[in-house]
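Take the sequences, apply the hints, and build the full model.
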Amino acid sequence: MRFDEEFFNLGYLDTLSYKDTFVHRLDPRIKIIVTLIFILFVISFNKYEISGLLPFLLFPVFLLTAGNIPLKAIFKKVLFISPFAIFIGIFNPIIDRQVLIAPFGIPVSGGWLSFFSIIIKFILTVSTALLLIAVTSFPGICEALSRMKMPKLFVIQLLFLYRYIFVLLDVALRMVRARDARAFGNKGKDIKTFIRLISVLLIKSIDRAERVYQAMLARGFNGEIKVLKKYKLGFTDLIFGISSVLLFYIFRNYNISNYFGEIIKR
Amino acid sequence: MHMADALLSPAVGGTMWAGSLGVIVYCAKKLSGKMDEKMIPLMGVLGAFIFAGQMINFTIPGTGSSGHIGGGMLLAILLGPYAAFLVIASVLVVQALFFADGGLLALGANIWNLGIYPAFIGYPLIYRALVKKSSNTKAITIASIISVIISLQLGAFSVVLETKLSGITELPFSTFLIMMQPIHLAIGLIEGIVTAGIILYVRSLRPDIVDNLEVVKNTYSAGSLKKVLIIMSLLAIITGGAFSWFASTNPDGLEWSIEKIYGKPEVPERGNPVTENLSKIQEKTAILPDYTFPSKGEEQEKSPSWPAVDTGTTVSGIIGGIMVLALVIVFGMGIRIMNRNRAKT
Amino acid sequence: MSHHIVELKDAYFTYPDGTEGMRGISFKIFHGESVGIAGANGAGKTTLLMNLSGHLIPTKGEVSIGEITLCHKTRQEIRRKVGFVFQRTDDQLFMPTVYEDVAFGPVNLGLPENKVNERVKNALEMVGCYNLKDRPPHRLSEGQKRSVAIATVMAMKPDILIMDEPASNLDPRSRRQLINLLNTFEHTKIIASHDLDLILDVCERCIIIRDGKVFADGPSEKILLDESLLEENGLELPLTRQFYHLKRSS
Chain A
1 MRFDEEFFNL GYLDTLSYKD TFVHRLDPRI KIIVTLIFIL FVISFNKYEI SGLLPFLLFP
61 VFLLTAGNIP LKAIFKKVLF ISPFAIFIGI FNPIIDRQVL IAPFGIPVSG GWLSFFSIII
121 KFILTVSTAL LLIAVTSFPG ICEALSRMKM PKLFVIQLLF LYRYIFVLLD VALRMVRARD
181 ARAFGNKGKD IKTFIRLISV LLIKSIDRAE RVYQAMLARG FNGEIKVLKK YKLGFTDLIF
241 GISSVLLFYI FRNYNISNYF GEIIKR
Chain B
1 MHMADALLSP AVGGTMWAGS LGVIVYCAKK LSGKMDEKMI PLMGVLGAFI FAGQMINFTI
61 PGTGSSGHIG GGMLLAILLG PYAAFLVIAS VLVVQALFFA DGGLLALGAN IWNLGIYPAF
121 IGYPLIYRAL VKKSSNTKAI TIASIISVII SLQLGAFSVV LETKLSGITE LPFSTFLIMM
181 QPIHLAIGLI EGIVTAGIIL YVRSLRPDIV DNLEVVKNTY SAGSLKKVLI IMSLLAIITG
241 GAFSWFASTN PDGLEWSIEK IYGKPEVPER GNPVTENLSK IQEKTAILPD YTFPSKGEEQ
301 EKSPSWPAVD TGTTVSGIIG GIMVLALVIV FGMGIRIMNR NRAKT
Chain C
1 MSHHIVELKD AYFTYPDGTE GMRGISFKIF HGESVGIAGA NGAGKTTLLM NLSGHLIPTK
61 GEVSIGEITL CHKTRQEIRR KVGFVFQRTD DQLFMPTVYE DVAFGPVNLG LPENKVNERV
121 KNALEMVGCY NLKDRPPHRL SEGQKRSVAI ATVMAMKPDI LIMDEPASNL DPRSRRQLIN
181 LLNTFEHTKI IASHDLDLIL DVCERCIIIR DGKVFADGPS EKILLDESLL EENGLELPLT
241 RQFYHLKRSS
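Quick note, the sequences are listed as chains A, B and C, same order. Going letter by letter, the first sequence gives residues 1 to 266 in the working numbering. Going letter by letter, the second sequence gives residues 1 to 345 in the working numbering. Going letter by letter, the third sequence gives residues 1 to 250 in the working numbering.
Read the hints as simulated data drawn from the structure, not as lab findings. Each residue gets a CB set at the ideal place from its N, CA and C atoms; glycine is no exception. Errors might be hidden in some of the hints.
[Unchecked claim] Partial selection, computed: residues in chain C whose CB lies under 10 Å from chain A: (1) F94; (2) E100; (3) A103; (4) P106; (5) N108; (6) M156.
[Stated by the list, open to error] From chain A, some residues computed to sit far from chain B (all C-beta separations above 10 Å): (7) R29; (8) F75; (9) K232; (10) L238.
Encoded structure:
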């Protein structure tokens, strides 16, 4: 069932993010910035680029291995490629039929090139985004956002959301199981039942928010919430940041794949 | 429908990020200090509710396939525009991180497409205008359906626009539009019915909740809507104008600026700027060349039309690419083994 | 006996929808006493606790904690004196990590950072959970959550500890650990529970609530062994005593 799977995946990724490795210990600010720069570099390639993109795989592979993240945690998600990217990309081979290259005498049209370019960009950006959270706990990301001057109210919103996702998913999961236990085939999954189910979930949520508010008041809540500062920007963080960006820069400007190819051919 | 990183150009992605970030800051400013403290846990828990609710699916009548709620309009109705926008944005942040729905650069576009329209157009301009305090079931149902449909149409239109402006897809604008808008009409109809259903059912079960929310909402949203709309439209005009200027002067947007800063991009032997531009024009005009997949003989005469093609470079690209992949895998395995050894000692 | 710390004088509470939660409750609780509150579902236990901790304010009559009478003006002050452990730990623990959650109260008291750290450390060590400080609450077992919830309250250094169903959802071992933990506290304790064994183990005094009124009030040993009184209130003899009875009657 989809629900259970999503729920467990979420929990799995979350568990991984509390590991203690070199990349987990890096300041979240550096990781967020480097990741965003990485994505910008990747998607700045022209739409037919393939070979120039490949060296960029080094970064997600580094996060994966240095962060001691099991490959399957990320691989499954990436394989499950966003239907939208495929949906949009698949029109390219149909529409753009101009042959652009003919390696080893096999003609390849521009549409196929741009389709594969989309897929590779997709793999790079999606795996890196997932790895970012797998090597940085969500509270760490929130701390970074707050220190990068994101509005505090929004950071607190993210923290509360994160805290109650697991609680409400659990409630929702139990409700869905109860429904499916009595729904045969698609009967019982109709809109009417759904509206009732989700309304009850909504009421439970609002009541819970009220109780949480009471609990906050009980401990002297006066409208202020402090976001903890745990990380400190250190030498290692800077080294990691600078060397990563330098590497991206080199990859972007020199097609490493072509150089390797030239060397081999010689 | 989530936008994806791979379909965006840096320019479009960056613009959408800036726009969404601006609105987040604006909403937070608007709320802080003025809203009922109760809103803090309420917003958090309702965000989690939408997140959990989106995982519950139902059968779409007449199709047999299943769908789930989006929840943007529901949040706007429950919390008012500013708080709803922050909640929607926070849910999308978590989805982008944990599910990689769309990706991090596309997050700005997604927050815009799914947040702005329900929170600042659908709810205040349509729903509020149609639903008065004593409204009956019919009015609420109609208002929800119309406001959701319009918000979703605007969202879908933005997706088309952003994708097209990014220049990654070959789909002609009109075809893309015809594919996206009607689907979202149907989605909007169902989402609207579900939204109205939830509001009405909650009201019948627990009228106190609906009343309480009205009170909490009114503590901060009174009277300032006109100003918001003016600011919003100004913002839209400015970003739109800046963006189209940027797009028209530099067709490749940020790519261009990166090239300018960093020097020539990936294919240095591409030739002089004139041929480069010519080839670009050619590429743009030849969207549907009357061309069927060639036999090996034909391809010789066709390929020179693309000046960048150099069979030699291509072959080294493929060989080199495979090598790079192999090296990356070796690198990864190396770190794995190092880790394992360290764990042992 | 020492000076009393909690006093209710003919307190009433009616909810906005007309439900009467308390209908004239009076009692006194003294320093260091631990009192169990028992009663059937809907008898008014939770309403009573909410009125003791300043979350609700009696619609008629008086609740006072120490010298202070509860009203809108004093509710903040009362909350500072009364530590309330909620029935549902997920409602009580709302911050992203254990540490931040325990620190939430002391930070709101306006304490400087080193004092906050000290309080957090002491409170977590008291409940034996200091090693969990960096965990997010959703990665804790129910027993750990309960202990941390108690620590969040202890970090406020309350005069009185109020608990609503502290043993619900706990496995037997966690429940036993909780009872041992509660017995180490010298605070005034008020514990509402269906778990009469727990009350018997922790509280020397027990108050039975029925229909928003005090139905019985006395030493736990006496009240919780009065089978007919318990039965009238939808309660049963504590399990340990049932066994005792069986042995005696056979």
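Problem set entry | Interface hint for E100/C, Cβ within 10 Å of any Cβ on chain A | It holds, given that the least Cβ distance between E100/C and chain A is near 5 Å, below 10 Å.
Problem set entry | Beyond 10 Å from each Cβ of chain B, as asserted for F75/A | Label holds. Min Cβ-Cβ 12 Å, cutoff 10 Å.
For this session: Using 10 Å as the Cβ threshold, decide whether N108/C counts as touching chain A.
Result: holds, 3 Å
For this session: Would you check whether the claim that R29/A is not at the interface survives, using Cβ distances to chain B and the 10 Å cut-off?
Result: Fine: 15 Å to the nearest Cβ keeps R29/A off the interface.
Exercise. Does K232/A really sit off the interface, with its C-beta more than 10 Å from all C-beta atoms of chain B?
Worked result: holds, 23 Å
Exercise. Going by Cβ atoms only, is P106/C closer than 10 Å to chain A?
Worked result: Given a least distance of 9 Å, the restraint on P106/C holds.
Problem set entry | Supplied contact hint for F94/C, tested at 10 Å Cβ to chain A | holds, 5 Å
For this session: Let me know if the C-beta of M156/C comes in closer than 10 Å to any C-beta of chain A, holds or violated.
Result: OK, holds: M156/C within 10 Å of chain A, min 6 Å.
For this session: Let me know if the C-beta of A103/C comes in closer than 10 Å to any C-beta of chain A, holds or violated.
Result: holds, 8 Å
Problem set entry | Closest CB of chain B to the CB of L238/A still more than 10 Å away | L238/A is indeed farther than 10 Å from all Cβ atoms of chain B, at 21 Å.
Violated hints: none; the structure is consistent with every hint.
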